[in-house]
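A.B. asks: Per full-length UniProt numbering, the sequence shown runs over residues 1 to 275.
Everything hinted at is true.
Quick list of in silico lysine-lysine cross-link-like pairs, BS3-like style, CA-CA up to 27 Å:
{"id": "1", "residue 1": "K143", "residue 2": "K220"}
{"id": "2", "residue 1": "K143", "residue 2": "K270"}
{"id": "3", "residue 1": "K259", "residue 2": "K270"}
{"id": "4", "residue 1": "K195", "residue 2": "K220"}
What follows is a set of in silico ranges between Cβ atoms, one per label pair, in the way DEER data are often shown:
{"id": "5", "residue 1": "S166", "residue 2": "L196", "range": "17 to 25 Å"}
{"id": "6", "residue 1": "R45", "residue 2": "P253", "range": "55 to 63 Å"}
{"id": "7", "residue 1": "G79", "residue 2": "H51", "range": "20 to 28 Å"}
{"id": "8", "residue 1": "R150", "residue 2": "A66", "range": "24 to 32 Å"}
{"id": "9", "residue 1": "P24", "residue 2": "L264", "range": "55 to 63 Å"}
Since the hints were derived computationally from the structure, they do not count as laboratory data. Fair warning: this is a prediction, and the values are worked out from it, not measured in the lab. Every residue gets a Cβ at the ideal spot worked out from N, C-alpha and C, and that includes glycine.
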Amino acid sequence: MPAQTAGTLHVVATPIGNLSDLSPRAVATLREVDAVCAEDTRRSRQLLAHHGIERPLVALHEHNEAEAADQLVARMAAGESLALVSDAGTPLVSDPGFRLVRAARRAGIRVSPVPGPSALIAGLSVAGLPSDRFVFEGFLPAKSAARRQRLLQLAGETRTLVFYESSHRIEAALGDMAAIFGGERQAVVARELTKLFETVLDGSLDELLARLAGDANQRKGEFVVLVHGAAGDADAAVVEGRRLYAVLQQHLPPSTAAKVSAELSGAPRKSLYGG
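Based on the provided sequences and hints, a complete structural model is requested.
C.D. replies: Structure below.
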């Protein structure tokens, strides 16, 4: 009796907004697999129905992935082929899935990408910022103190920075970026990419913050925020000064902390105080 041939795990990118962005290959793959592993089965069912696809759906999200991975690998080892999709875009990019992919690869299961939309790449492609090298940071911490601490660690990064952000934190996140990176740092806010109300705004962080503060519609939806990398030595001095200031202000009055930080780092005092 011939040995059982294992199935394949297809990692399928789905639209980030416009349903027409599902590729013909993705449609064919989703029609052929034995089941579709989806982060939100309700949302994925709508996508499949739009394209006339009827396949069993299996919930796979951050809360059950570790437990479900072994069961799904066993199904593929027995000959089934599965597709992995996220709510929108390319799976594993700020979404669940890496545990299943890792388990499948370790079990000798073939893992095949079906590439397509990604909000990260879509935002980068229209930003007009340097794109030869970039750093993807996903979602920043929800709390301001932790968010600022992470931004301090990134303030000297010379590559373009790319973040995802939600509607209820976008204004606060931009404010923290302006405080840490400097309000003059150039950036782009890409909102609702490929959807009906898509907008791409560019300018300094201070300018973008003012535009969002003055227009409630620009604070709605899903966001990709792209920030120009640090320019060089001058920015590096400000980064070090702000790092020192963040520590010293816990022990000294703000004006004294700014003065000492400026003297030690060589950064202009006005770039530190209040940041």
